[in-house]
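Protein chains in written order, with our numbering: chain H, 154 to 291; chain W, 154 to 291; chain G, 154 to 291.
In short, the hints are calculated from the structure, not lab data.
Nothing here was measured: the structure is a model prediction, and the numbers come from that model.
For every residue, glycine included, the Cβ atom is placed at its ideal position computed from N, Cα and C.
Heads up, a few of these hints could be off.
To give an idea of the chain W side of the interface with chain H (calculated C-beta under 10 Å), a few residues [said to hold, decoys possible]:
#: 1; residue: Leu191
#: 2; residue: Ala196
#: 3; residue: His198
#: 4; residue: Leu223
#: 5; residue: Glu238
#: 6; residue: Ala241
#: 7; residue: Arg252
#: 8; residue: Gly266
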Amino acid sequence: MKSYRKELWFQTRSRRELINITGEIESCLKESGIKEGLVLCNAMHITASVFINDDEGGLHEDFEKWLEKLAPEKPYSQYTHNGFEDNADAHLKRTIMGREAVVAVTEGSLDIGPWEQVFYGEFDGKRKKRVLVKIIGE
Amino acid sequence: MKSYRKELWFQTRSRRELINITGEIESCLKESGIKEGLVLCNAMHITASVFINDDEGGLHEDFEKWLEKLAPEKPYSQYTHNGFEDNADAHLKRTIMGREAVVAVTEGSLDIGPWEQVFYGEFDGKRKKRVLVKIIGE
Amino acid sequence: MKSYRKELWFQTRSRRELINITGEIESCLKESGIKEGLVLCNAMHITASVFINDDEGGLHEDFEKWLEKLAPEKPYSQYTHNGFEDNADAHLKRTIMGREAVVAVTEGSLDIGPWEQVFYGEFDGKRKKRVLVKIIGE
């Protein structure tokens, strides 16, 4: 069994942002030389997400509005966690979107559907944060 | 390390439907000959889900009502994604339900609890869509 | 390829409770002797969750309030599933929080971010329930 590990680093300009990282994960996979196995890709921070969905701008606006409805950022005082912080909403938003994606590796490629794209979802940005890419297989 | 791959295809009659696929995944596992490892089972489409829960009709009605409350289908105009499509709600519903399940394989069987059943959750059906079953192990 | 399996058992005093199980999973990992691979950690019950977030009491209060808003326990009669049971809300709460976490193993340790902690989320407790820890790798 082979294994491979890489950290991808991000620093977004705004508090919330969705970044397509499919190409970076494919580059990791090529670098690993693994042909059959599994890729785990997860946020290493608890106010960010790795998830799979469509790379369509309208949908990303819908995600923003929808997450603000389900777990609004403000007023900050509505959350007990916000005594010393202001990011409780980001913990909740990331819970909805999920921490990680597990993707199959087949014949050396990411084995994903035609519209599946992997995203880094940042919900408390403007500082350096990272994603782990771990690949195991042969 | 052995690996196994199969696609399961579905075409539902209605827009939304939950289908128990535990038996099909167990058949894949037998076919693979793998005794110890992991099964990844994921929707290959971004408006569908693979998730684990109870095979109980009342609960499935509750899921339908609950998802319609959290991410209603109509009016279509409430979603920016729906300029050319009408399925933004399906992207959101699948986000709540999750894209994938990872299940342990122990002594050649799916290592699941007594009430755990694996479901394909369709949220934009009436057309052919598929699920990936990838198994790695020995 | 090596594999390892262990069940962790829990019986909470209250209906809902969040328990940090990071230390127990690390103990499993040491016992397994696996240095590179993946840990799957999942609830074996469909009204409980394994998820990763912050070990901060204020945030845990926020989770409780938020989940009660998205999927309230009462009135029991609002859910069809509750003909013979009273735990439909627990099935929905666990859906939001997720069934499982997959964590990388690197150099014999859980490869998690500085604030990432693994939790057992109980939403219908006061009885014995269990979590599966399955580790594969080398």
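Now the hints, each set against the structure:
no.	hint	result
1	Leu191	holds (7 Å)
2	Ala196	holds (8 Å)
3	His198	holds (6 Å)
4	Leu223	holds (7 Å)
5	Glu238	holds (9 Å)
6	Ala241	holds (5 Å)
7	Arg252	holds (5 Å)
8	Gly266	violated (20 Å)
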